[in-house]
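Asker: Each chain is listed here by its residues.
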Amino acid sequence: MFDLARLCLVSLVLALAAPATAQVREEDLSEFTEKLEIGISTDEISITSDFRGADLTIFGAIDGFDENLLAQGKYSIIVTLEGPKENATVRRKERVFGIWVNTRSMTFELVPESYSLSSTRDIETIAPPGELGNMGIGVDHMRLVPLGFVGDGSNLGEFRNAFRRIRETSGVYQRDPGGVRFISSSLFRASVRLPANVPNGVHIVRAYLFRDGLFVAAKALPLTVVKTGLEQAITRAAHDQPVIYGLFAVLLAVITGWGASLLFRKE
Amino acid sequence: MTVYLPIAELSVNILIILGMGAAVGFLSGMFGVGGGFLITPLLIFYNIPPVVAVATGANQVVASSISGAITHFRRGTIDIKLGTVLLCGGLVGATLGVWLFSLLRRVGQLDLVISLLYVVLLGSVGGLMLWESIGAMRKAAKNQSTPRRRPGQHNWIHGLPLKMRFKKSKIYLSVIPVATLGFAIGILTSIMGVGGGFIMVPAMIYLLRIPTSVVVGTSLFQIVFVSAYTVIVQASTNYTVDIVLAFVLMIAGVIGAQYGVRVGQRLRGEQLRALLALLVLAVGIRLAIELIIPPKDIYSVVSAGFGF
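Chains as they are written, first to last, in this note's numbering: chain A, 324 to 590; chain B, 20 to 327.
If you are wondering where the hints come from, they were derived from the structure by calculation, not from laboratory data. On a predicted model such as this, the values are computed, not experimentally measured, just so you know. Don't take every hint at face value.
To be verified - Subject to a maximum C-alpha distance of 30 Å in a straight line, what follows is the list of computed DSBU-like cross-link-like pairs (lysine-lysine):
| hint | chain 1 | residue 1 | chain 2 | residue 2 |
| --- | --- | --- | --- | --- |
| 1 | A | LYS416 | B | LYS315 |
| 2 | A | LYS408 | A | LYS550 |
| 3 | B | LYS315 | A | LYS408 |
| 4 | A | LYS358 | A | LYS408 |
| 5 | B | LYS100 | B | LYS186 |
| 6 | B | LYS158 | B | LYS100 |
Chain A extracted, bound-state conformation:
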């Protein structure tokens, strides 16, 4: 919790302070003069295992903006926090001889394990669906590419919808239209949700600037999430030293079983 509080502190001299390593991507389209800068106070956060979710605050600024357009509210900002990517398999049950069996499945290639989106308003009103789809912004426009052979692809849509629905219901995919606020004319603050079961690993904070429905600029920063505590140490041991972990589990059982019989015999 302390770390998260520290996160909210931000250096306002963002352009000067942003470390070179944090600048993963910068898109500069010549027809636009605007530039986008974002900053978070740390590139690594550690959370304890009793973590119940929290908000991550990201500050940003638009440079080289047009005063008139800004006054008319033509600038829109979307900020996303994208978790580490893994292949995910969606399975569908059907009734076979009276019992429910997983019959069909589809695996989507490298989809984020978590995804939180904040924007100045509902993203569907920020840019046309085509544009969002091209850039893969938002849960509904996220790229879900099936792995391997999918037949005629007629059921692609239903599997994609099921995937989005399950991920949103479980809270790992979230959206907050209104989570980005301007705190001065060109300075904004975005809060994105870290879900309670936020996955370990490198997350990417992305910010997109739109002007009147047109994409202008984007910026990305990496954020490493490290879970700490006993439970995390156990998880790490189970995956990094599985044989020793297994031997330890057996040893624990032997001591418990044997110890109890000795203890109760003495009584």
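Fit chain B to the given chain A structure using the hints.
Answerer: For chain B alone, kept in the frame of chain A given last:
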């Protein structure tokens, strides 16, 4: 009071887990069964992922069987040679079982296979036990003696080749049926998280005609090593042994078992066996119902990295 299970990746009420462990431990002490066949379905009912329930159940079996095995070893009621033949079959079976487990998990059919195996196993064991105990109760009511054993009767199993002399059991028996029995139990241990004593003991008595005096000790000998081996292999291939869950279960289980043993010694058999049979059947029916009723969501998502 909740505790987070790092491998199952969910928070559970520790009191419920303790209660489950103690209740199953009590029953296992009372009836002299390992309890794995009750613990695993109960964990599944409590929304622990079946993959974790099975691997963790095997760990619990080690704890609940070890003290019995040591006691029998001290008394000299283990036929080590026979146990080793069983164990050889068991280790091969457990290896194949873990491989099958991973394969089924990959194709998304593991949960179904675990449930189906439990329905079949609990249904048949519970049914047979109920039948047997009702019969015994009827006979007791009619004041008849218990059914006579037919010692010395040989079946086709005793005609198999590769015979070996097992001095402690005072039998001359082919290693083929012994290793096959161990093999089958090994598969059950790794896929279902059970010790398998409730199948192995009757099979040794009625099929292999091994003297009752060494049967329980020898089967415990096999169970301890096969389930310990299964835990290590599950931990290193599927990463599904939840040590926190296992520890809570085994602490409650071994304590419950001590009281179960004391109560079991004072009570009469048939009615208790009928009650256990009803419990076993109820668990089996509950699992069967879950396979039949329409699921809340026909879709499920598993992540290749970590989840299930």
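Asker: Taking the numbered hints from earlier one at a time, note which ones the structure violates and give those numbers from smallest to largest.
Answerer: 6
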